[in-house]
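Colleague: Given next are the chains, with one letter for each unit.
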Amino acid sequence: MVESITLEVNGTSQTLDVADPDMPLLYALRNDLGLHGPKFGCGLGQCGACTVLIDGAATRSCLIPLGKVGQRAITTLEGLGTPEQPHKLQAAFIAEQATQCGYCANGMIMAAAALLARNWHPSEQQVRDELAGNLCRCGAHARILRAVLRAAENR
Amino acid sequence: MRRIVIARRRLLQGIGGLVVGFSLAPGMAAAAGKTVASDQVDAFLAIGRDGAVTLYSGKVDLGTGLRVAVRQMAAEELGIGIEQITLIEGDTALTPDQGPTGGSTGVAVGGVQIRQAAATARQALIRLAQERLHLPASELVVADGAVRPAAGGAGIGFGDLVGGRDFTLTLDKAAPLVDPSAYRLVGRSLPRPDLPAKLSGQHTYVHDFKLAGMLHGRAIRPPAVGAELLAVDDASIAAIPGARTVRRGNFLGVVADSEWAAIRAARALKATWTAPANLPGSDQLYAAVRGTAVAREDVLASRGDADRRLAGAANLLRASYEWPPQSHASLGPSCAIADVRADGATIWTASQATHKFRPVFARFLGLHPDTVRMIYLDGAGCYGMNGHEDAAADAALMSQSLGRPVRVQWMREDEHGWDPKGPPQVLDVRAALDDAGAIAAWETVAWLPLNTPGLPAAPLLAPAAAGLDQPNGQSAGLTQLNTDPPYAIADMCAQIKWLRETPLRPSNLRAPGKIGNTFAVECFTDELAAAAHADPLAFRLQMLQEPRGIAVLRRVAERMGWQPRPSPGPIDASAATLVGRGIAYVHYKNAENFVALGMEVAVSRATGAVRVTRAVCAHDCGLMINPDAVRNQVEGNILQTISRTLFEEVTFDHARVTSTDWVSYPILTFPDVPTLEIELIDRPHDRPMGVGEAAAAPVAAAIGNAVFDAIGVRLRRAPLTPARVKAALAARAA
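These protein sequences, in sequence, are chains C and X.
Residue 110 in this note's numbering is what sits at position 110 of the first sequence, and the numbering runs on without skipping anything.
Residue 425 in this note's numbering is what sits at position 425 of the second sequence, and the numbering runs on without skipping anything.
Just so you know, not all the hints are guaranteed correct.
[Stated by the list, open to error] Mimicking SDA-like on lysine to any residue, the simulated pairs with C-alpha atoms at most 20 angstroms apart in a straight line are:
#1 88(C) / 202(X)
#2 88(C) / 193(X)
#3 210(X) / 34(C)
#4 88(C) / 203(X)
#5 88(C) / 197(X)
#6 88(C) / 191(X)
#7 88(C) / 194(X)
#8 210(X) / 33(C)
In case anyone wonders, no lab produced these hints; they're calculated from the structure.
With the rest of the complex left out, here is chain C:
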């Protein structure tokens, strides 16, 4: 029953032994590859905490089955930057202290990264609309908006 699936994650090829190709990508990233950036929030595609980039598009990794990812390039939060060398969005989130518990931050940053990749200078309204499907429970929204706009200015 176990089959091998090869994923392209953060620029590296990773081969996994998978018991069920219907397993959502999220569990492979978190449990098999130890990538904890993407978070389990709902498993329903409703909150955005699990967002990764697949060929640059913000994608809910809690919904997409592992067997459907194919050879497309997956980028997780870890693939954007590190504490030592943060991505512009990560740096902007730090500069704005745009976090409380931080559980939603992965989704915010990944969704914003997809937005900035296709629209390098969004208006505040465009950022609001883009992030409308990403939930934050602590109420860090105003800071998150500022952080995304700051990152856009620093490109």
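Following the hints, put chain X in place on chain C, whose structure we already have.
Modeller: Just chain X now, kept in the frame of chain C:
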């Protein structure tokens, strides 16, 4: 002094070798014999041979910034930088019991205690240096991790003075604190140290923590609250490799080697339950609240004789306000890891109250409390007791049954369906105006649940289902406070009807009770102002005597450009969008922060949707340790409570909660976020007060008042949903 029974070998196992992504903190290796007695300096603070300082905090950082604030408070007293401090939080084996991180006490109580420990240590370090430098204390200074002569010259580093040894000192309440005029760190918006890791996937949340040999578990909750488990069909999961069930009485769980297999097993498992239908259903909620047996009546506050004065009053107003049950709705469903063995247990949890729950877990596991260790790891934000402790209890029972470490991750429907809820509230208010248009007399009668039936506090689900004894955990919080108006009213009475039960298991949800209470008190104050044809701000100021309260109200009015006039404002009958403004004030718990909040709203006549367009807040919490962290909390309080006021209501049928995802329990999203303008008032010579709750309290009232100003109809039931607003508009037109 408490003796730590957990063997050193076990302790190190828990912290080090078995753990992925959890670094061994300095000072930890030597900690097995460490005191946690909260009157001892050594309980809070240790200085290593290299002079590095480790702080031990029973209070934890729930995403609030405590992690930087506590460092600032201690570093200030010790004359060091915050980067020289390692902070251990909420580990019952290493930290003193400072009470749960609730009620906005993290800095106000926990930080203040640690500050006093640091001040006591500073005095001790000076005494030690005195002997070696042969100088009086008055000629010594503490700076940069050393005690040195004020006149200049070589000092002695902390590591050299005390490194690696205990202070063996009782906390000195009289140890002098650094004067605010000399603050280097307190009062500065230093960045939170945990954010770079949190923002790059490197931070270890409880959800990320793993133990070798760990099984993945899921608890199977019944289809109805209180259902009994009749039968389990183990064959229904036989096709899933490694999956098996765990049953303890009416507690049912599944485990598997992989998380996905556990999820599949939880979905596939067939079990037969009884079908009790004991809930009133949310459409009958408030009738059920009023019909609940009253366990006790209390008078919270009383002056004069409100009853007599109101009985004969000519200008009597009365109203009833209703606040719904709400969920913590944490963004990440609760998660915990438990390793329960015959001789002890270690539990990794995001609980805000590890010390409080240690004896609870010990009792239902049948272990001595000294052998149970609960270790705090960050979770998704909780705003009181959410599902963290329940997930930990699920994991503990399964681990005990299986003899293996078990990780339990709740699913979304578990968290929304089964986290203990902020309970519903009903407030009946009546008041009379005097001839001058001021409030002559006021009475509040609040209907609040005393606690869960059978237990004076919210019981944990798993041991309750398993029929295991458990002592009290957390209560629903001080829900009765702020039911009395903060104004000078000669005849006033606030009375609480403590209800014997409430439909759903209650807990303390951010600013417990105070949001609903302030909704009633401050909206009704506006109703009285409207009856008196008075400007709502002027009406409040003429009755308010507290100078710090007057100051915050004036700040908000100035920032808003408040134009004095009665509410409602002029209403344009042809406008598609109706706009209004409102104000509300709270002296939090009648003892803490002073908060004034102004809101501007836009109401769609077509849909009834309310949008808050602007929120202006003036906030006085005394001394601010870290102003940006304060601001972050104030922002969060306001936005989360806008969400609660406009969108949030737990629904349930006769069996169970039906709002079990983000569609049926919507919260605020980015398009709903208003402009936030926050004025922080710093009072460096006053005690620091907590900021995790207070600014939430006036939000619903300010919105209710602004909606009234916009549409001329008073909404007294939260949330202010489009359907309710539309119905109110239709009623007004009719």
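Colleague: All the hints need checking, so say for each whether the structure fits it.
Modeller: Comparing the hints with the structure gives:
Distance check on the hinted pair: residue 88(C) and residue 202(X) sit about 17 angstroms apart at the alpha-carbon level, within 20 angstroms; holds. As the CA atoms of residue 88(C) and residue 193(X) are separated by approximately 18 angstroms, the hinted pair is consistent with the 20 angstroms bound. Taking the CA atoms of residue 210(X) and residue 34(C), the gap is about 10 angstroms. The hint holds against a cut of 20 angstroms. With a CA separation close to 19 angstroms, the supplied pair residue 88(C) and residue 203(X) stays within the 20 angstroms bound.
Restraint check: the Cα-Cα separation between residue 88(C) and residue 197(X) comes to about 15 angstroms, which is no more than 20 angstroms; the hinted pair holds. Distance hint between residue 88(C) and residue 191(X) is fulfilled; the C-alpha atoms sit about 17 angstroms from each other, no more than 20 angstroms. Taking the CA atoms of residue 88(C) and residue 194(X), the gap is near 18 angstroms; set against the 20 angstroms cutoff, the hint holds. With a C-alpha separation of about 13 angstroms, the suggested pair residue 210(X) and residue 33(C) falls inside the 20 angstroms cut-off, and the hint holds.
When the structure is compared with the earlier hints, no violation turns up for any of them.
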